[in-house]
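Each chain, letter by letter, is given below.
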Amino acid sequence: MEPGTHDLRVLIGRQRLCDVLFEGLGAFMLLMSLFILAALFINLAIEGLARLQPDFFLDFPSRRAGQAGILSAWVGSVLVMLVTAAAALPVGVAAGIWLEEYAPKNWLTDVVEINVTNLAGVPSIIYGLLALGLLVHQFRLGESILTAGLTLGMMILPVVIVSTREAIRAVPQTIREAAYGLGASRWRVTRDHVLPYSVAGILTGVIIGLSRAIGETAPIITIGALTFIAFLPPAPVSAVPPFINFEWLSSPFTVLPIQMFNWISRPDPAFQSNAAAAGLVLVILTLFMNAMAIWLRYRARKRIKW
Amino acid sequence: MVRHFHIDNPTMKNDSSTAGVHIPSARAIESVGAGGFRSDLLRSTSKSSAIKAEVRGLDFHYGGFRALKDVSMQVQANEVTALIGPSGCGKSTFLRCFNRMHDLYPGSRYDGEIRLYPDDVNLLAPDIDPVETRIRIGMVFQKPNPFPKSIFENVAYGLRITGEKRRQVIHEKVEKALRDAALWDEVKDRLHQPATSLSGGQQQRLCIARTLATEPEIVLFDEPTSALDPIATASIEELIIELKERVTILIVTHNMQQAGRVSRYTAFMYLGELVEFGETSRIFTRPAKRETENYITGRFG
Amino acid sequence: MSASAVKNATALPGRRGLRRSRLARPSEFVAESLLLFAALSAVAITLGIVFILVRESAAFFTHVPIVDFLTDIQWTPLFESPRYGILPLLAGTLTVSLVALAFAVPVGTITAVYLSEFASPRLRETVKPVLELLSGVPTVVFGYFALLFVTPLLQKLVPGLPGFNMLGPGIVIGIMIVPYISSLSEDAMRAVPMHLREASFAMGASRLQTAVRVVLPAATSGVVASYILAVSRAVGETMVVAIAAGQQPNLTFDPTEAAATITAFIVQVAMGDLPHGSIGYQSIFAAGLTLFLLTLSFNVLGWFVRRRYREAY
Numbered sequence: 001m002e003p004g005t006h007d008l009r010v011l012i013g014r015q016r017l018c019d020v021l022f023e024g025l026g027a028f029m030l031l032m033s034l035f036i037l038a039a040l041f042i043n044l045a046i047e048g049l050a051r052l053q054p055d056f057f058l059d060f061p062s063r064r065a066g067q068a069g070i071l072s073a074w075v076g077s078v079l080v081m082l083v084t085a086a087a088a089l090p091v092g093v094a095a096g097i098w099l100e101e102y103a104p105k106n107w108l109t110d111v112v113e114i115n116v117t118n119l120a121g122v123p124s125i126i127y128g129l130l131a132l133g134l135l136v137h138q139f140r141l142g143e144s145i146l147t148a149g150l151t152l153g154m155m156i157l158p159v160v161i162v163s164t165r166e167a168i169r170a171v172p173q174t175i176r177e178a179a180y181g182l183g184a185s186r187w188r189v190t191r192d193h194v195l196p197y198s199v200a201g202i203l204t205g206v207i208i209g210l211s212r213a214i215g216e217t218a219p220i221i222t223i224g225a226l227t228f229i230a231f232l233p234p235a236p237v238s239a240v241p242p243f244i245n246f247e248w249l250s251s252p253f254t255v256l257p258i259q260m261f262n263w264i265s266r267p268d269p270a271f272q273s274n275a276a277a278a279g280l281v282l283v284i285l286t287l288f289m290n291a292m293a294i295w296l297r298y299r300a301r302k303r304i305k306w
Numbered sequence: 001m002v003r004h005f006h007i008d009n010p011t012m013k014n015d016s017s018t019a020g021v022h023i024p025s026a027r028a029i030e031s032v033g034a035g036g037f038r039s040d041l042l043r044s045t046s047k048s049s050a051i052k053a054e055v056r057g058l059d060f061h062y063g064g065f066r067a068l069k070d071v072s073m074q075v076q077a078n079e080v081t082a083l084i085g086p087s088g089c090g091k092s093t094f095l096r097c098f099n100r101m102h103d104l105y106p107g108s109r110y111d112g113e114i115r116l117y118p119d120d121v122n123l124l125a126p127d128i129d130p131v132e133t134r135i136r137i138g139m140v141f142q143k144p145n146p147f148p149k150s151i152f153e154n155v156a157y158g159l160r161i162t163g164e165k166r167r168q169v170i171h172e173k174v175e176k177a178l179r180d181a182a183l184w185d186e187v188k189d190r191l192h193q194p195a196t197s198l199s200g201g202q203q204q205r206l207c208i209a210r211t212l213a214t215e216p217e218i219v220l221f222d223e224p225t226s227a228l229d230p231i232a233t234a235s236i237e238e239l240i241i242e243l244k245e246r247v248t249i250l251i252v253t254h255n256m257q258q259a260g261r262v263s264r265y266t267a268f269m270y271l272g273e274l275v276e277f278g279e280t281s282r283i284f285t286r287p288a289k290r291e292t293e294n295y296i297t298g299r300f301g
Numbered sequence: 001m002s003a004s005a006v007k008n009a010t011a012l013p014g015r016r017g018l019r020r021s022r023l024a025r026p027s028e029f030v031a032e033s034l035l036l037f038a039a040l041s042a043v044a045i046t047l048g049i050v051f052i053l054v055r056e057s058a059a060f061f062t063h064v065p066i067v068d069f070l071t072d073i074q075w076t077p078l079f080e081s082p083r084y085g086i087l088p089l090l091a092g093t094l095t096v097s098l099v100a101l102a103f104a105v106p107v108g109t110i111t112a113v114y115l116s117e118f119a120s121p122r123l124r125e126t127v128k129p130v131l132e133l134l135s136g137v138p139t140v141v142f143g144y145f146a147l148l149f150v151t152p153l154l155q156k157l158v159p160g161l162p163g164f165n166m167l168g169p170g171i172v173i174g175i176m177i178v179p180y181i182s183s184l185s186e187d188a189m190r191a192v193p194m195h196l197r198e199a200s201f202a203m204g205a206s207r208l209q210t211a212v213r214v215v216l217p218a219a220t221s222g223v224v225a226s227y228i229l230a231v232s233r234a235v236g237e238t239m240v241v242a243i244a245a246g247q248q249p250n251l252t253f254d255p256t257e258a259a260a261t262i263t264a265f266i267v268q269v270a271m272g273d274l275p276h277g278s279i280g281y282q283s284i285f286a287a288g289l290t291l292f293l294l295t296l297s298f299n300v301l302g303w304f305v306r307r308r309y310r311e312a313y
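Chains as they are written, first to last, in UniProt numbering: chain Z, 1 to 306; chain B, 1 to 301; chain V, 1 to 313.
Please keep in mind that the hints were generated in silico from the structure rather than gathered at the bench.
Just so you know, even glycine gets a beta-carbon here, dropped at the ideal spot from N, CA and C.
No false leads were slipped in.
Residues of chain V clear of chain Z, computed beta-carbon distances all greater than 12 Å:
| no. | residue |
| --- | --- |
| 1 | 71 |
| 2 | 80 |
| 3 | 82 |
| 4 | 83 |
| 5 | 87 |
| 6 | 158 |
| 7 | 195 |
| 8 | 202 |
| 9 | 217 |
| 10 | 256 |
Here are the computed distance ranges between Cβ atoms for each label pair:
| no. | chain 1 | residue 1 | chain 2 | residue 2 | range |
| --- | --- | --- | --- | --- | --- |
| 11 | Z | 252 | V | 280 | 19 to 27 Å |
| 12 | Z | 291 | V | 191 | 25 to 33 Å |
| 13 | Z | 196 | V | 253 | 51 to 59 Å |
| 14 | V | 280 | Z | 239 | 40 to 48 Å |
| 15 | B | 165 | Z | 252 | 44 to 52 Å |
| 16 | Z | 238 | V | 62 | 46 to 54 Å |
| 17 | Z | 86 | V | 120 | 37 to 45 Å |
Extracted from the complex, chain Z is given alone in its bound form:
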């Protein structure tokens, strides 16, 4: 028997044990992350579930915790998201198309690329400062739904651009060449092929961007929209001509995360149940949007085979 064979076996055994231990540790870390997510959810549910009655969605905020609701907050969130999507979707998709399909290899493209990368890393509160200085005071848009929507639109622009680019890049070059080979112009190739085939991927990005925007608080506080709002903005649609109006854009507003923040900062614990209930609504909303995005991505992968 070679000297050391026994030692070697002991060594190998020890290493195998290390493997098993580490695997346990890794699984524990994973479970811990999942557990924290669950704890967060359960904590909110315990505190806030009792408040999630229909009235909660139909009442304005109030000085009495038991009567306060999130009517103005969720309506505000919906309207702000409308503006955000209307701003970020066309601009982001167009910028993504330009970068993937049109951009020449030159300094201008580099500058745009660097800016998109950089914007993705800018903290959200900086967008709030930009909006405060530029939109609120320079352009005098006030602390309005329009300002908030544009602010969040700028914030999620990099998300939309990046996901548009990824979706477009997944369209095989052979498909583009087939269309070009038939005499399609660049814009026709983009409009007839590249865009339709990457819609699901682009939508995924837009939904993820919006789910981030709907829970975003800091930039909205920064533009100064932390006020007591117990009314609804003018309705965007009406029964009398001209049926659609845009007065709501310049209306003061509140949104769900702001309402929640507002309730957290009250010392009265009764308000904290309200905060938990609003948080529950927010978490369910974002989880739902994320799940939708994941499902869309999965479906897109399954549907189109190249």
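Here the structure of chain Z is known, so what remains is to put chains B and V in place on it, guided by the hints.
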């Protein structure tokens, strides 16, 4: 040395002055004019042949790499011309010059000319619109690449690009193209199913139908059967032979038997140069160049 | 072939004709211009940020010498005799970020190694999106969680921990940035070529030895880049600290104390009603500029480190 290859040149004289005797010079073409030139040529050369395109001193660069070196040859109308050579010899690159595919990618540069007849225009001139070129010169790719749309929409797409809006006309032309591509009977009951549901060989015939729908004058085939099984390959080859009645065909193939089966003329390329060009039967039996012989007998490539 | 031949050629009537045409298609031009315009909006936003931050900060620095801003150890802009030293805010930001990193680096790295080297592909594909949900939860909810769940929990472990402190929010921010570290690090580790692992296994190394001695070193720059990007996130995080860390500027590195961060200060001022153009109003832009430069340098650093690992193979 400028080498001009002419199909009526059985003994491969690699002398530009000699070649000049056979190839009508630019000046001659100018003076005769498009129509006259054509009939002239019909008389002066054998059988059916008129020249559909003529390549003159074509150089192609991308990213500082000279991929094609001074290529000159003629493409006979209504014939199949095969481009053969080892991988990386530039045959696909050469093919893709004809429909200006390289314009899609930055850093490419053409020098020399590809003259298209009877118009007598240089396809590579900067003021020629590549988009228009591609409408007149169709292309079938290596791997079948149908759009993820319906079978009908795939074939109709070229028509829609050219601005055809009459439904009746589109339907007629789609049917004709599918018949021409020998696919009609197989798909006539499922025109609105996704093209990706077809088999590989059917997909490739669909791509051929898609190209034929707009009635191109030249169709470029870039190794069209390399992704197909032998049976599908046979049907595509049969189709190519039938198609030459109506269009001029250029085909890149790595398969010499295929070149032998389908083509009337063959060009052998090596390291970006056109080494030898002539009637397929002669190239395969009596190659004039050592490289050609080596390649054909399987000594390399 | 003369130039005139070419010129005539385009005019010759072919079957369909070849026109000299890029200009003949105005819709192409319009489409391309609009797309370019959209792409330039990204540049415009960056310029807008720099312009606003610099303009307001410049006004601020006409009142407050930049040396005082960088060296004064007190930040009391709302007092009778205001002092404008950024150091206490920086200390708060740094402390919270360090706590976050102390939590997220081990958890994130171990998770990444586990997912990349030990877990089955199926588990990996299921777990990744769920992990990413962690960073998708609204920050205000995390703030609530830090203030009303984590801190009370910590108070049982650390006696005397005040209701506002940097430890709780630090850990919660750590939880938020775990997905950044685990996902980016895992990408970097999976980019390590298989043959390196095989070489290690072929010599009788165990999985853990291969992971720690071969894969991790080969993926170092990617892993480090993920840490840097995670710090950048932690530094810019606002709501968690604004809710749970207290809003008193406090020059300390003790995480069990309450302190304000740069972001918390901006929120605090924005919640009040400072008139536009006042020095208090301008001070949040000076703080914002500091934050912007801080995250920008982290992002640039992370970008450089990451680019290095891309070039490695």
